[in-house]
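Letter by letter, the chains look like this.
2 protein chains.
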Amino acid sequence: MADTNALEGLTQAFRKLPGVGAKSAARMAFHLLQHDRPGALQIARALDHAVESIRHCALCNTLTEQEVCVTCANPQRDRSKLCVVETPADQAALERTLAYRGLYFVLMGKLSPLDGVGPNDIGLQKLFDRAVPRNAQGQLLPAESREVQEVILATNFTAEGEATAHVIGQALKSRGMQVTRLARGVPVGSELEYVDLGTIAHALTDRR
Amino acid sequence: MADTNALEGLTQAFRKLPGVGAKSAARMAFHLLQHDRPGALQIARALDHAVESIRHCALCNTLTEQEVCVTCANPQRDRSKLCVVETPADQAALERTLAYRGLYFVLMGKLSPLDGVGPNDIGLQKLFDRAVPRNAQGQLLPAESREVQEVILATNFTAEGEATAHVIGQALKSRGMQVTRLARGVPVGSELEYVDLGTIAHALTDRR
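Protein chains in written order, with the numbering used here: chain A, 134 to 341; chain B, 134 to 341.
Among these hints, one or two may not hold up.
Copies of the same chain look alike in the list, so a pair counts if it fits in one copy or across any two.
[To be verified] The list that follows gives simulated cross-link-like pairs (lysine-lysine, BS3-like), each with its CA atoms no further than 30 Å apart:
{"hint": "1", "residue 1": "214", "residue 2": "149"}
{"hint": "2", "residue 1": "259", "residue 2": "156"}
{"hint": "3", "residue 1": "156", "residue 2": "214"}
{"hint": "4", "residue 1": "306", "residue 2": "149"}
Since the hints were derived computationally from the structure, they do not count as laboratory data. As the structure is a computational prediction, the values presented were derived from the model and not from experiment.
So that you can see chain A by itself, here it is in the shape it has in the complex (with noise of 0.2 Å):
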């Protein structure tokens, strides 16, 4: 075995990736440092940049290197309209469909009890300061004055964003917010036969 300290710490500096345990951590070391020195620099040099210049954008929460980030700065975008999505790379999906133009409030993840993520870890009251703001005496504003008319729930549908998905949505309407969730249903281009009971059943439920 090489005999240094320096790679052991970078196999243990790549354990923080997700998804990577000790066999492909020892082999990314090994790629760099025998293959690519380069790209090893270059790694370390994103990183720095990267923590250095993304911050979290001041409205809705996704990664940008502004104060606020393009979406939420776009003025073509639909104010009215506010999308809840668990990570920046769920905002990138929805995106991509080109079937959305409203905002989005990006939750620092989802409710997770068991792994001690509770509603103030994952931003919660700043999505309901700005859903449903309060006017300078501490009341909530009236329906007719928010810029925000409609919540949409789109986190994940797993059982922790389900759960996440419930408790936003019984805060919000208990502010008088309407209140979405993405369709749940058969996937497009898939057969019946594949689809999995739970799903089949939702979408008998909301046939439309």
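Given the structure of chain A, go ahead and fit chain B onto it with the hints provided.
Just chain B now, with coordinates in the frame of chain A:
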């Protein structure tokens, strides 16, 4: 989508890692920036430190922070045996067996003509000079005055690894060196029913 060149640059940089495609790279970048910025900086520092301090052992080519690695510098190792492996990871696997007390020579990969990897790219000349040195007059040393008496080929049992072993074996035999290859056979603990035919055929041929 997050509107940042820094994030795009980081995602591109992660694709330099072996086995990491566009989706994994994006997930890694998002994860570090959202949940583990100290981890991101730790990876950057580990990369810088490793690139700066790790080089190849002057004798065996493995990765080390010294001029000569601990294995080559160890006076207890049997200097008459030289085991040729493709990578430091393969060397580590052999060391873990505790079954070998000789020295190593670590190639910089394997011969792979289709990828443009020829004998010079994997340090074969360095291996030949090490195993069968020349005297001051440029003549090959006779067998009795050589340090290395046996070269054990432990490249992988893949098509490219076998080809590499063949090329090295031919060259060293023509210089009068004793060359052996790791035994092929049935893995310890396996049932014949599930072992592939090529392996069983080799195990029959090499029976002892």
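Outcome of the hint check:
no. : hint         : verdict
1   : 214 with 149 : neither (36 Å within a copy, 39 Å between copies)
2   : 259 with 156 : between (40 Å within a copy, 29 Å between copies)
3   : 156 with 214 : between (46 Å within a copy, 28 Å between copies)
4   : 306 with 149 : neither (39 Å within a copy, 47 Å between copies)
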